[in-house]
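Colleague: The lines below spell out each chain.
Number of protein chains: 2
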Amino acid sequence: WRIQQQEGVKQLARNFKFKNFIEALAFTNTVANLAEEEGHHPKLVLEWGSVEVVWWTHKIKGLHKNDFVMAAKTDKLYEG
Amino acid sequence: WRIQQQEGVKQLARNFKFKNFIEALAFTNTVANLAEEEGHHPKLVLEWGSVEVVWWTHKIKGLHKNDFVMAAKTDKLYEG
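Protein chains in written order, with our numbering: chain A, 1 to 80; chain B, 101 to 180.
Same shape as in the complex, but just chain A (with noise of 0.2 Å):
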């Protein structure tokens, strides 16, 4: 993970690497139901063979804890 800086707001960003467009797509929902069940959302950024996870807090425009505790559950979702 990085830690990028968007208009100012600090995020967390991985991205994360696919064979085919699909497998990206499955992990896009993988993490998109996490996500919802969480009640956080990343922005997801789906291409063929990639898909680009980023974490950070609306309210506060920055990084909270729990962006780092979902990045952490993003990876596992990716190891499977």
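Simulated from the structure, these hints should not be mistaken for lab results.
Glycine included, each C-beta is placed from N, C-alpha and C at the ideal position.
Be careful, since some hints might not be right.
Okay, the calculated beta carbon distance ranges per label pair [stated by the list, open to error]:
{"id": "1", "chain 1": "B", "residue 1": "GLU123", "chain 2": "A", "residue 2": "ILE3", "range": "24 to 32 Å"}
{"id": "2", "chain 1": "A", "residue 1": "GLY8", "chain 2": "B", "residue 2": "ILE160", "range": "30 to 38 Å"}
{"id": "3", "chain 1": "A", "residue 1": "GLY49", "chain 2": "B", "residue 2": "GLN105", "range": "20 to 28 Å"}
{"id": "4", "chain 1": "B", "residue 1": "GLN104", "chain 2": "A", "residue 2": "ILE22", "range": "25 to 33 Å"}
{"id": "5", "chain 1": "B", "residue 1": "GLU123", "chain 2": "A", "residue 2": "LYS61", "range": "32 to 40 Å"}
{"id": "6", "chain 1": "A", "residue 1": "ALA72", "chain 2": "B", "residue 2": "ARG102", "range": "32 to 40 Å"}
{"id": "7", "chain 1": "B", "residue 1": "ILE160", "chain 2": "A", "residue 2": "GLU37", "range": "37 to 45 Å"}
{"id": "8", "chain 1": "B", "residue 1": "GLU123", "chain 2": "A", "residue 2": "THR30", "range": "14 to 22 Å"}
Under 10 Å between C-beta atoms, here's a sample of chain B residues computed to sit facing chain A [what the hints assert, rightly or not]:
{"id": "9", "residue": "ALA132"}
{"id": "10", "residue": "GLU147"}
{"id": "11", "residue": "ASP175"}
Computed footprint of chain A on chain B, listed as stretches where at least three residues anywhere in the stretch have a Cβ under 8 Å from a Cβ of chain A [said to hold, decoys possible]:
{"id": "12", "segment": "120 to 126"}
{"id": "13", "segment": "135 to 141"}
Place chain B on chain A using the hints.
Modeller: Frame of chain A; chain B shown alone:
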């Protein structure tokens, strides 16, 4: 749709609005399934309440007639 230039590559982009995350996710899947059927894959940026769809042709690093066809098909999917 707007035409944007991303690292020298012309692209067609449009932002679609939704009333929550789940509806945005459903639209992401609908467009992704169309993409897989047609063998032409966009960039899809899913956030709470919105999906940005970006079409371009990797092989020519720019816009082909097919991208405009896919944009029109995306609109039809949005209109339902």
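Colleague: May I ask you to test the hint 25 to 33 Å on the CB atoms belonging to GLN104(B) and ILE22(A)?
Modeller: For ILE22(A) against GLN104(B), whose Cβ atoms are near 27 Å apart, the range 25 to 33 Å holds.
Colleague: Taking the Cβ atom of GLU123(B) and the Cβ atom of THR30(A), is their distance within the range 14 to 22 Å?
Modeller: Holds - the Cβ-Cβ distance for GLU123(B) and THR30(A), about 18 Å, lies within 14 to 22 Å.
Colleague: Counting residues of the segment 135 to 141 of chain B whose CB is closer than 8 Å to a CB in chain A, do you get three or more?
Modeller: Since 3 is at least three, the answer is holds.
Colleague: Can you tell me whether the CB distance of GLY49(A) to GLN105(B) sits inside 20 to 28 Å?
Modeller: holds (23 Å)
Colleague: Using the C-beta atoms of ILE160(B) and GLU37(A), is the stated range 37 to 45 Å upheld?
Modeller: Hint holds: Cβ distance 41 Å, inside 37 to 45 Å.
Colleague: Looking only at beta-carbon atoms, does the pair GLU123(B), ILE3(A) fall within the given range of 24 to 32 Å?
Modeller: holds (30 Å)
Colleague: Indicate whether the distance between the beta carbons of GLU123(B) and LYS61(A) respects the range 32 to 40 Å.
Modeller: violated (25 Å)
Colleague: CB of GLY8(A) to CB of ILE160(B), is that within 30 to 38 Å?
Modeller: holds (36 Å)
Colleague: Using the beta carbons of ALA72(A) and ARG102(B), state whether their distance is inside 32 to 40 Å or not.
Modeller: Since ALA72(A) and ARG102(B) have Cβ atoms about 37 Å apart, the given range 32 to 40 Å holds.
Colleague: Next item in the hint list is ALA132(B). Is there a CB on chain A closer than 10 Å to its CB?
Modeller: Interface hint status for ALA132(B): holds (5 Å vs cutoff 10 Å).
Colleague: Check whether three or more residues of the segment 120 to 126 of chain B sit with their beta carbon closer than 8 Å to a beta carbon of chain A.
Modeller: holds (count 3)
Colleague: Would the hint on ASP175(B) stand, with a C-beta cut-off of 10 Å toward chain A?
Modeller: Given a least distance of 19 Å, the restraint on ASP175(B) is violated.
In the structure shown, a violation is registered for the earlier hints numbered 5, 11, in ascending order.
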